[in-house]
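Enquirer: These are the residues of each chain, in order.
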Amino acid sequence: MIKKLNLVLLGLALLAPLAVYPVFLMKILCFALFACAFNLLLGFAGLLSFGHAVFLGTGGYITGFLMLNYSITPEIGIIAGMACSALLGLIYGKLAVRREGIYFAMITLALAQLAFFFFLQAPFTGGEDGLQGVPRGALFGLIDLNDNLTMYYFVLAVFIAGFWMIHRTVHSPFGQILKAIRENEPRAISLGYKVEQYKLLAFVLSATLAGLAGSTKALVFQLASLNDVHWFMSGEVVLMTLLGGMGTIWGPVLGAGTVVGMQNLLASGPLSNYIHVVMGVVFVVCVLAFRNGIVGELQKLIKKNF
Amino acid sequence: MATFLGINLFALSGQLLIGLINGSFYALLALGLAIIFGLLKIINFSQGALYMLGAFAAWIGLEYLQIGYWWSLLLVPIVVGAFGILMERFLIRPIANEDHLYSLLLTFGIALVLQGLFTHWFGSSGLPYAIPDELKGGTKLPFMYLPNYRAWIIVFSLIICTGTWYLIEKTKLGAYLRAGTENPQLMQAFGINVPLIVTLTYGFGVALAGVAGVLAAPVYSVSPEMGSNILIVVFAIVVIGGMGSIGGAILTGLAMGVVEGLTKYFYPEASNTVIFLVMVLVILLRPAGLFGKPA
Chain A
46 MIKKLNLVLL
56 GLALLAPLAV
66 YPVFLMKILC
76 FALFACAFNL
86 LLGFAGLLSF
96 GHAVFLGTGG
106 YITGFLMLNY
116 SITPEIGIIA
126 GMACSALLGL
136 IYGKLAVRRE
146 GIYFAMITLA
156 LAQLAFFFFL
166 QAPFTGGEDG
176 LQGVPRGALF
186 GLIDLNDNLT
196 MYYFVLAVFI
206 AGFWMIHRTV
216 HSPFGQILKA
226 IRENEPRAIS
236 LGYKVEQYKL
246 LAFVLSATLA
256 GLAGSTKALV
266 FQLASLNDVH
276 WFMSGEVVLM
286 TLLGGMGTIW
296 GPVLGAGTVV
306 GMQNLLASGP
316 LSNYIHVVMG
326 VVFVVCVLAF
336 RNGIVGELQK
346 LIKKNF
Chain B
168 MATFLGINLF
178 ALSGQLLIGL
188 INGSFYALLA
198 LGLAIIFGLL
208 KIINFSQGAL
218 YMLGAFAAWI
228 GLEYLQIGYW
238 WSLLLVPIVV
248 GAFGILMERF
258 LIRPIANEDH
268 LYSLLLTFGI
278 ALVLQGLFTH
288 WFGSSGLPYA
298 IPDELKGGTK
308 LPFMYLPNYR
318 AWIIVFSLII
328 CTGTWYLIEK
338 TKLGAYLRAG
348 TENPQLMQAF
358 GINVPLIVTL
368 TYGFGVALAG
378 VAGVLAAPVY
388 SVSPEMGSNI
398 LIVVFAIVVI
408 GGMGSIGGAI
418 LTGLAMGVVE
428 GLTKYFYPEA
438 SNTVIFLVMV
448 LVILLRPAGL
458 FGKPA
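Chains as they are written, first to last, in our numbering: chain A, 46 to 351; chain B, 168 to 462.
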């Protein structure tokens, strides 16, 4: 039954650009991957990282810089961006997993701020202007990605790969141990699991996939900017995950779609100045009344009635 | 031009003074955060937005209601504190028993709403607020010129900080507060209205942010972004000082302000980041914070 749902979704995704503007869809896919990566840490390992934007931005800047200054193909650029995010994730993760709960969140936030100022000062990032005009290049040297439709299918493939990676991770023994750590860490320790190592691995995985999302996003918009490393972006991804449903597989995807769609809708309407206010209100309402998120509430509904 | 070991003493002392001033604001805000987190276990991410609210309340008071600086210093904390009490009673209390991180998200949302509203109403460029006449001018010291208002900031925040610290650590009311947050059921069994204490404490912590805002209005321009700019630094300070420690928050705030000032003299580009570097070092070497109790 689940497999059929996946096929239906795949079909919809393949046909979607015929009805909806492809760049908008690509934006949703990139943020959905970012939110899914974040959810791996928050929903499944129970670690709230408040500086996750740094991995999105690192992927974007590295890929953007390499594509602009060296004639490499996009998949190499993306892999390089992912690798840098993974490395940063390793360093930051080693520092952060020593503490838990609010301290973990604060450490990740402070480390992200360090990275933000680095990106602000470093000459290669172009500071406030960012990296503009990042070329999309030709995939494998053969397929020109400048056409939005072609790029969309590439981004869809990247998203599916990342999503599959997360799915496999969550439904593996490693994922079960992560959930055990989330639910009752002392018990996991007493069972002999080296909890810090598991958390670190989850952190690095999450950072790598967030980097993948960032690298892809830089190619989609042909831009890497400070917005992607600002702590506001970290807050946005928390909102997407919370709204969609923490600890569910599809939650962050829906959350990302909703938030990006909402931003799009508000930007062109009379409420365009109120985007932050609306986001804040959604945050407050979600925390007060809607903690399971869209997917979580749907699952509860289905369980209760069917 | 006095130099000593190649250091320009005028410039250095100027930066140290600015560092002490910034440190006073950090201390006031960190104090409020430390009270709210240390005692109530609420992570108040809206502390910066409430600081901004205090500054705007002072500005609006002056602009539209002809309420002068000195009256604002008294009234604005009450107004902001009342707002905080409403926030706590209707928004934060429902999730008081959930994971602490929900309070972070909730207050983050509130901060977004406040900042968004004020940006929409007042624009993002700063608004000026005049220094009150009694505090204009300054005194010339051997190594620097000390503006009176800057001296007032340091003195006033020291008074508030030490007063608050004394109230919490050394008085009976403070003892009730500390006991009530450590073991609410037992305190309630003794007949003390613990939820009321929690609400009032939150209001007090928030009022501290409000008074910092009034204090800041003549020195920094009153803009909707002033809160978010300073909030991350203040959180770092509370982590460095130790998240439950009231005295730690005050001392660390002042110390970090001075450290920032010194960095601005020797290596200006790093002045924004040095506090986060200190935080990383403290976490590695002394995870509970400089004055915190290890968990």
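Any given hint might turn out to be false.
Calculated cross-link-like contacts (lysine-lysine; reagent style DSSO-like; alpha-carbon spacing at most 27 Å) [unchecked claim]:
hint, chain 1, residue 1, chain 2, residue 2
1, A, K239, A, K48
2, A, K48, A, K345
3, A, K139, B, K460
4, B, K460, B, K307
5, A, K239, B, K460
6, A, K49, A, K349
7, B, K339, A, K224
8, A, K224, A, K239
9, A, K345, A, K224
Chain B is nowhere near these chain A residues, computed Cβ spacing over 10 Å in every case [to be verified]:
hint, residue
10, L63
11, L111
12, L132
13, R144
14, Q166
15, E173
16, N193
17, Y198
18, W209
19, H212
20, H216
21, P218
22, K224
23, E230
24, L236
25, N309
The set of hints was computed from the structure by calculation and includes no laboratory data.
Positions of the beta carbon are idealized from the N, C-alpha and C atoms, including for glycine.
Enquirer: Does each hint fit the structure? Answer for all of them.
Expert: Hints, verified against the model:
The hinted pair formed by K239(A) and K48(A) fails the criterion: a straight-line CA distance of about 35 Å is larger than 27 Å. With a CA separation close to 21 Å, the supplied pair K48(A) and K345(A) stays within the 27 Å bound. This hinted pair checks out: K139(A) and K460(B) have alpha carbons roughly 23 Å apart, not beyond 27 Å. For the hint linking K460(B) to K307(B), the alpha-carbon distance of about 43 Å lies beyond 27 Å, and the restraint is violated.
About 25 Å separates the Cα atoms of K239(A) and K460(B), which keeps this hinted pair within 27 Å; it holds. At most 27 Å may separate the alpha-carbon atoms for a hinted pair to count; K49(A) and K349(A) meet this at roughly 23 Å. About 45 Å separates the Cα atoms of K339(B) and K224(A), which puts this hinted pair outside 27 Å; it is violated. With a C-alpha separation of about 14 Å, the suggested pairing of K224(A) with K239(A) holds against the 27 Å cut-off.
In summary, the hint linking K345(A) to K224(A) is supported, as the alpha carbons are separated by about 19 Å, within the 27 Å threshold. No Cβ of chain B approaches the Cβ of L63(A) within 10 Å, the least distance being about 36 Å, so the stated non-interface status holds. With 10 Å as the threshold on Cβ separation, the claim that L111(A) sits away from chain B holds: the shortest Cβ distance comes to roughly 25 Å. No beta-carbon of chain B comes within 10 Å of the beta-carbon of L132(A); the shortest separation is about 17 Å.
Residue placement check: R144(A) does not keep its beta carbon more than 10 Å from all beta carbons of chain B (closest about 6 Å). At roughly 6 Å, the least C-beta separation between Q166(A) and chain B is not larger than 10 Å, which violates its mark as non-interface. Non-interface status of E173(A) relative to chain B is upheld: no Cβ of that chain comes within 10 Å, the nearest being about 14 Å off. Listed as a non-interface residue, N193(A) keeps its Cβ farther than 10 Å from every Cβ of chain B; the least gap is roughly 32 Å.
Chain B leaves Y198(A) outside its interface by the beta-carbon criterion, the shortest separation being 35 Å against a cut-off of 10 Å. With a least beta-carbon separation of about 29 Å from chain B, W209(A) lies farther than 10 Å from that chain, consistent with its non-interface assignment. Listed as outside the interface, H212(A) is consistent with that label: its C-beta sits roughly 25 Å from the nearest C-beta of chain B, beyond the 10 Å cut-off. Here H216(A) stays apart from chain B, with its beta-carbon at least about 25 Å from theirs, past the 10 Å limit.
For P218(A), the condition that its CB be more than 10 Å from all CB atoms of chain B holds, with the nearest at approximately 26 Å. Taking the minimum C-beta to C-beta distance to chain B, about 16 Å, the non-interface status of K224(A) holds against the 10 Å cut. With a least beta-carbon separation of about 13 Å from chain B, E230(A) lies farther than 10 Å from that chain, consistent with its non-interface assignment. No beta-carbon of chain B is positioned within 10 Å of the beta-carbon of L236(A); the least distance is around 21 Å.
Non-interface call for N309(A) relative to chain B: holds, since the shortest CB-CB distance, roughly 17 Å, exceeds 10 Å.
The structure does not agree with the numbered hints 1, 4, 7, 13, 14 stated previously, though it agrees with the rest.
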